[in-house]
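Chemist: Sequence:
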Amino acid sequence: MKSQLHYNEQKYLLSKKAEILKQSIQELIDSFNEKTNSKLMITNYTDDGKIDVMVCINNQDFMNLTLEEE
Numbered sequence: 001m002k003s004q005l006h007y008n009e010q011k012y013l014l015s016k017k018a019e020i021l022k023q024s025i026q027e028l029i030d031s032f033n034e035k036t037n038s039k040l041m042i043t044n045y046t047d048d049g050k051i052d053v054m055v056c057i058n059n060q061d062f063m064n065l066t067l068e069e070e
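Quick note: the sequence shown uses UniProt numbering, first residue 1, plus one each step.
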């Protein structure tokens with residue numbers, strides 16, 4: 001019972017960290033997009049802290065990145 005409670009608490013904290021990270025990255029992306037002809041966008045994010053970001057330059061896929069907390 002105690003380990004399940006600890007697991008649920010850890011999962012909740014990771015979820016909150018992922019949401020904060022997503023918001024911070026989205027603010028950076030919005031700023032970048034306003035100042036350049038390139039486009040960055042978040043394509044996926046998960047509750048375990050991973051965020052997939054796609055970089056587009058001149059409307060072409062340039063690269064896909066996965067960001068995760070260590």
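In case anyone wonders, no lab produced these hints; they're calculated from the structure.
Among these hints, one or two may not hold up.
Label pairs and their computed distance ranges (CB to CB) [said to hold, decoys possible]:
(1) T43 to K16: 18 to 24 Å
(2) I29 to E9: 27 to 33 Å
(3) M54 to E19: 41 to 47 Å
(4) N44 to K2: 16 to 22 Å
(5) L13 to N44: 30 to 36 Å
The beta-carbon is built from N, C-alpha and C at its ideal position, and this holds for glycine as well.
Chemist: Take the hints in turn and mark each one as holding or not.
Modeler: Okay, the hints, checked on the actual structure:
| no. | hint | result |
| --- | --- | --- |
| 1 | T43 to K16: 18 to 24 Å | holds (21 Å) |
| 2 | I29 to E9: 27 to 33 Å | holds (30 Å) |
| 3 | M54 to E19: 41 to 47 Å | violated (20 Å) |
| 4 | N44 to K2: 16 to 22 Å | violated (33 Å) |
| 5 | L13 to N44: 30 to 36 Å | violated (21 Å) |
In terms of the numbered hints stated before, the structure departs from hints 3, 4 and 5, listed from lowest to highest.
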